[in-house]
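A.B. asks: Start from the sequences, fold in the hints, and give me the full structure.
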Amino acid sequence: MTPQQAGQTGPAEEGTGGPERRVRVVLVDDHRMFRTGVQAEIGRTETTGVEVVGEAADVDQAVTVITATRPEVVLLDVHLPGGGGVEVLRRCAPLMGAAEHPVRFLALSVSDAAEDVIGVIRGGARGYVTKTITGTDLVDSIFRVQEGDAVFSPRLAGFVLDAFASTDAPPVDEDLDRLTQREREVLRLIARGYAYKEIAKQLFISVKTVESHVSAVLRKLQLSNRHELTRWATARRLI
Amino acid sequence: MPVAPPRPTAEPPRADRADRSARSAVPEDGTPWRRLYRSADGRLLGGVARGLAGHLGVPVAWVRLVFVGLLLADGLGILLYAAFWVFVPLGIGGRAAAQHRPLFETADDGRRRLRKPDKGQLFALMALAIGCLIFAGDLNTADRAHRYLWPTLLIGAGVVLVWRQADNARRASWTAADSRHRRLFQIVRALVGVGLVGMGLTVFMVVRGSAAQLGNVLTAAIAVIAGIALLAGPWLVRMTQDLSEERTMRIRAQERAEVAAHVHDSVLHTLTLIQRNADDAGEVRRLARAQERELRNWLYKPEGTGKEEDEEPGTLAEAVKKAAAEVEDKHGVPLEVVVVGDCPLDDGLSACMQAAREAMVNAAKYGGEGGPVQVFAEVDGRTVFVSVRDRGPGFDPDSVPGDRMGVRESIVGRMQRNGGTARLTSAPGEGTEVELTMERADA
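Note that the protein sequences, when read in sequence, are chains P and S. Take 1 as the starting number for the first sequence in this note's numbering and just add one per residue. Take 1001 as the starting number for the second sequence in this note's numbering and just add one per residue.
Quick caveat, the hints were computed from the structure, so don't treat them as lab data. Please note: incorrect hints may appear among the correct ones.
List of simulated lysine to aspartate or glutamate pairs, EDC-like, C-alpha gap at most 16 Å [unchecked claim]:
1) P:Lys197 - S:Glu1430
2) P:Lys131 - S:Glu1292
3) P:Lys201 - S:Glu1430
4) P:Lys208 - P:Glu183
C.D. replies: Put into structure tokens, the structure is as follows:
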């Protein structure tokens, strides 16, 4: 099966009055129905500004399509035939690090298993949202990822807090393996369902500061070399 | 003397099965078990006598006496005992649960030491010793047999050690918990057993021939063993591989059957209900949500088979999730639950959970239009924090008339009575948030 490529020249290319922000997106999910659904929800380029430039159903296809189309954001399912989302991230690592037009990944999963979620985040995904997310919120998240920001759903924030809280062993790298008080506060508010704007208001800081805290947490999560992160995910014990 | 269990089991019983079948075998009037297992608890050697005693419903001392008596009849007792040991599976039963008296007892500092024996057991042991002495004295009269007596005893002791070891290993796999200290002890025991058997065999050889031939005999023995290993080795390897493969396949098939059963029981039924209620959007949504949550629980639960939904929650995380699930089902509003950390429930926390549940009901009732209700619970050291937040119309807390008792009594009052605090934040147009804080009693 060859990778399907959606029309590269949408009607909005020459259209007027559309949103000024544009983002090119690749959808990676092994369920065609789900891809169709997401396409219908966010793919109306004139109104949402999202242009779906490619789709893929397994790891090999995904790598081919992403390399060929160089989208700005990839919506990546966690469970995929051929090694899962983590494998796609591993093979696309050079594209993520590219100086110009880096490809950014947003994990979109039905899975609640902390291991899956933390796995893709540590693999380099810029955020994680669940499949019950509304279309508007998804578009919002895509743009946030495109701008280089991290997207934490409340549930992901909860996982991260949990992972960094239950640590008995001394961290390997003090700077990386601890969350600052502020970062914890920000995460906690995200877990409680606050939007960035509300967090900024609550903590008397600017939205930009909130964004930088969230990005710092994401960086720590991706670089942290504590193996408890994965061990914690498999065996959550009582305090 | 019974010869076979009433209903032979095809495979060795696992703990749960043995337990279950044993329980089902108990008649109403509480007479002892009737199924023949070797008893895993309160045994001296292999648990044969205990198992038989339980099976026959007679005191264990009688059975032991019979064995000792039979021992005198040219050692028939030993042979019988050994046969039972080999062929009767180890199980739980053969004794009433109340008299739990293992040979070793665990002291407060976690070390095992020999339990002080009770009179009955002392008596049995002494009888056994006397029987052994008489048996040995009998043999001593025959000169030829005398030469083989000590090697035989050595081998016997070694075999007994190793076989008991195997029983213990099986038992350990039931109970799972196993310290490194005890494992070392087990290895030592196994080594001693093997050493005894080896020594006995060697002495056999030496006694038959003479000490000078020891070298030759050993060489020949090693050569034969090596030859057998070479001949049978590949076949043995193949067999173990086949066996483990077969086992994997069986486990996989079992898992698949379980998934199929679960999907049939819940998912297919829900889908049928959804088809039938296709016109009622609210009902369809409710069914789908309940099924999604149930399936999710089942799939991602660490233990695998999560079939204990009816049980009372024992920890904070379970309690929060259960309360949220019930509110979600009842009011048809999605609740997004995030729990950080976990701890056992105590009285204060149970009250906190009731307050949280009330807050969830309120949020679902009055604020469910603005998207999912966010429930967040965190255990941070001694402090437990719960927040319930909706994005509904909100209200002005000061304008609530004094006769409205819902929030005041069942949330704020309840928290205060149990030593916690509750804070309610709301403004028209900005939704409502209830924050509950409670200290844990223990830890």
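A.B. asks: Check the hint pairing lysine 131 of chain P with glutamate 1292 of chain S against an upper bound of 16 Å on the C-alpha distance.
C.D. replies: Measuring from Cα to Cα gives roughly 12 Å; hence the hint holds.
A.B. asks: Next pair to validate is lysine 208 of chain P with glutamate 183 of chain P; report whether the Cα-Cα distance is within 16 Å.
C.D. replies: Distance of about 13 Å is within 16 Å: holds.
A.B. asks: Check the hint pairing lysine 197 of chain P with glutamate 1430 of chain S against an upper bound of 16 Å on the C-alpha distance.
C.D. replies: With a Cα-Cα distance of about 13 Å, the restraint between lysine 197 of chain P and glutamate 1430 of chain S holds, given a limit of 16 Å.
A.B. asks: Between lysine 201 of chain P and glutamate 1430 of chain S, does the CA-CA distance stay at or below 16 Å?
C.D. replies: Since the Cα atoms of lysine 201 of chain P and glutamate 1430 of chain S sit roughly 13 Å apart, the hinted pair holds (cutoff 16 Å).
The structure is consistent with each of the numbered hints, conforming to all of them.
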